[in-house]
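Number of protein chains: 2
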Amino acid sequence: MKLASRRQGRDGALLVVSRDGSRCADAHDIAPNLQAALDDWLRSEPPLRRRFEELEADVSRGQPLSEVELTAPLPRAYEWIDGSAFINHILLVRRARGAEPPATLHSDPLVYQGGSGFLLGPSDAFSLGDEQHGLDFESEVAVILGDTPRGTTARDAALHIRLLLLANDWTFRNLIPAELAKGFGFFVSKPATSFSPFAVTPDELGTAYHDGRVHLPLQTSLNGELVGDPDAGPEMHFSFFDLVAHVTQTRALTAGTILGSGTVSNADPARGVSCLAERRARELIATGSAKTPFLRADDQVEIEMFDGAGVSIFGAISARVSR
Amino acid sequence: MKLASRRQGRDGALLVVSRDGSRCADAHDIAPNLQAALDDWLRSEPPLRRRFEELEADVSRGQPLSEVELTAPLPRAYEWIDGSAFINHILLVRRARGAEPPATLHSDPLVYQGGSGFLLGPSDAFSLGDEQHGLDFESEVAVILGDTPRGTTARDAALHIRLLLLANDWTFRNLIPAELAKGFGFFVSKPATSFSPFAVTPDELGTAYHDGRVHLPLQTSLNGELVGDPDAGPEMHFSFFDLVAHVTQTRALTAGTILGSGTVSNADPARGVSCLAERRARELIATGSAKTPFLRADDQVEIEMFDGAGVSIFGAISARVSR
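Protein sequence lines correspond, in order, to chains Z and C.
Residue numbering for the first sequence follows our numbering, beginning at 1 and increasing consecutively.
Residue numbering for the second sequence follows our numbering, beginning at 1 and increasing consecutively.
Note that these hints are calculated values from the structure, not bench results.
Here a beta-carbon is modelled for each residue, glycine too, at the ideal position from N, C-alpha and C.
Hints should not be assumed to be uniformly reliable.
[Said to hold, decoys possible] Computed spacing ranges between beta-carbons, pair by pair:
1. P46(C) with D29(Z): 25 to 35 angstroms
2. A270(C) with A297(Z): 47 to 57 angstroms
3. A309(C) with R320(Z): 48 to 58 angstroms
4. R61(Z) with Q8(C): 34 to 44 angstroms
5. E67(C) with A181(Z): 43 to 53 angstroms
6. Q300(C) with A181(Z): 34 to 44 angstroms
7. H215(Z) with P64(C): 54 to 64 angstroms
8. D26(Z) with L159(C): 35 to 45 angstroms
9. P47(C) with D156(Z): 41 to 51 angstroms
10. D203(C) with Q300(Z): 44 to 54 angstroms
11. R61(Z) with Q300(C): 55 to 65 angstroms
12. L159(C) with G9(Z): 16 to 26 angstroms
[To be verified] Computed cross-link-like contacts, DSBU-like style, restricted to lysine-lysine with a CA-CA straight-line distance of at most 30 angstroms:
13. K182(C) with K182(Z)
14. K291(C) with K182(Z)
15. K291(C) with K182(C)
16. K182(Z) with K291(Z)
17. K291(Z) with K182(C)
Given the sequences, and given the hints that come with them, work out the whole structure.
Take a look at the structure:
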């Protein structure tokens, strides 16, 4: 089942989307918005699935999705927690800013709590602000959780993963060193995050979703040129199950919490990058200087993931950088 | 005007509370819950104020508050951002854990993004978990914001501060060093936060609220014994206005965002402490070792602030530590 949110009020209006992403049907009679559906998932999931099956069974049903303005599946969320589960990304980015990787790199996941009050939709422009801040994209896979108790184990985590989606964790690279030096983690260096149009149930990924990882390439393009298609699966050192166990050690998470993988990254340079910082790090290592600039006004960033049949599973995040 | 939330569903049901905290009146016909009131404050504030004035005008109106089970004013919030605006606290706590204060201590506020999906009510027990984690309280003043644009200046910040309340930012002290060493800030060291029963409009504080600071003592008791009553005003180095400007540098905040002052702390040791870490730091400096233990099961923590007439402005956070 694929879900999306039509722009309406603060929370959007819930839609069911056909598997090929071409058509949608209103579902606000079942739950007014996705947060409400997640708040009462046991009640809302069965009728949502029936609506999805009806839409799939008859191609004359539904409205063309192109006619609908979409927001993020959750235009505001109670929590947005972002991991950094790809070790290759940590190593490259820290090397680029002259910082050591943490001693517990392989045993203790890195996560940060992000802002979740305003989340950007797939086509919302991102306002650059000061170009000197060094705007970068970070292409990620994320999950949306149901209520998840304190002390959830990795073994039980799968039960709490309701939906999957893609994220672009916009980052102001040049604000990071000074901010992390203060010791309290990211804040101004992590502005609003963008999300894919569709949030899908795990079964939509078939066998590509196993072990708490999505075993498919994640494509990122900048101004129409592919910059990377690393596999989001095997090199995700901490799975989503591991991340859930980590973040529930001392507190419970509420339904609608979004948990990200961190920048998808493969050790093989031929797979390219999911952020400019990694490309700059590779340049720095190879030539002594980074030549790739950070984002500028009018740059266009696209993030998308295709299944084996060529279907765009989550739809595209396709955002222009505005002034 | 004083507002509170009766326990009901995920968001509580909105109540108006008499100034003396003894009576309340339902307000869910005006807005079903506090988040909904904040989402549409220009529409909801006038009738809420009328209901409050009616309650004040006639002591026979309303229900005894003692009959009502209260949650946090916002049982779940879209963001909980906690500052650390009292320099004395930063200096003492960092000294206690052998960490240097940041170089930008006086010019660049420390803030962290906390979890906001489950917030504890004033009487909710806090589950200790592992005693070795070193549970501590942190008594704070906080504000609830309306929609606050990216780039809000300190000068304009007052316009966006809707309500004030108290917080107990429970902290697992012994989890902090390893967590901060990873460079991404707090996560497992900062479990769910508790809030006072009442959230009040700034005018309830009269002249005690000026310059974006609350100029009144904040009382904290442990097992019935006063441990501190530092003034929350003059030594708050960064005002709430400064903090709003800091946290909106690169993104907007949505209505219902809660922003905390950090542990209220005065340089004068006679004013005591708002957390055990400071008492331990003072012991360490004076005697070479910290003898005050962190919290244990069945400890009782009370946090309260009184106005000049002896009225408890926000009601008491009164929480037992459970196993």
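Verification of the supplied hints:
1. At roughly 33 angstroms, the beta-carbon separation of P46(C) and D29(Z) lies within the given 25 to 35 angstroms, and the hint holds.
2. Judged by the Cβ atoms, the range 47 to 57 angstroms given for A270(C) and A297(Z) holds: they are separated by roughly 56 angstroms.
3. Between A309(C) and R320(Z) the beta carbons are some 57 angstroms apart, a value that agrees with the proposed interval 48 to 58 angstroms.
4. Against the hinted window of 34 to 44 angstroms, the Cβ-Cβ separation of R61(Z) and Q8(C) comes to about 38 angstroms, which satisfies the hint.
5. Between E67(C) and A181(Z), the C-beta spacing of about 52 angstroms keeps the proposed range 43 to 53 angstroms intact.
6. Q300(C) and A181(Z) have their C-beta atoms about 38 angstroms apart, which keeps the hinted 34 to 44 angstroms range intact.
7. Restraint check, H215(Z) to P64(C): a C-beta distance of roughly 60 angstroms satisfies the suggested window 54 to 64 angstroms.
8. At roughly 37 angstroms, the beta carbons of D26(Z) and L159(C) sit within the given window of 35 to 45 angstroms.
9. At about 46 angstroms, the beta-carbon gap between P47(C) and D156(Z) stays in the expected band of 41 to 51 angstroms.
10. The hinted window of 44 to 54 angstroms between D203(C) and Q300(Z) holds, with their beta carbons roughly 48 angstroms apart.
11. For the hinted restraint 55 to 65 angstroms between R61(Z) and Q300(C), the CB-CB distance of approximately 60 angstroms keeps it satisfied.
12. Distance hint for L159(C) and G9(Z): a CB-CB separation of about 23 angstroms, consistent with the stated range 16 to 26 angstroms.
13. At roughly 13 angstroms between alpha-carbon atoms, K182(C) and K182(Z) fall within 30 angstroms of each other, so this suggested pair holds.
14. With a C-alpha separation of about 29 angstroms, the suggested pairing of K291(C) with K182(Z) holds against the 30 angstroms cut-off.
15. A threshold of 30 angstroms between alpha carbons decides the hint, and for K291(C) with K182(C) the separation of about 28 angstroms falls inside it, so the pair holds.
16. Taking the CA atoms of K182(Z) and K291(Z), the gap is near 28 angstroms; set against the 30 angstroms cutoff, the hint holds.
17. Between K291(Z) and K182(C) the alpha-carbon distance is near 29 angstroms, which keeps this suggested pair within the 30 angstroms criterion.
Taken one by one, the earlier hints all hold for this structure without exception.
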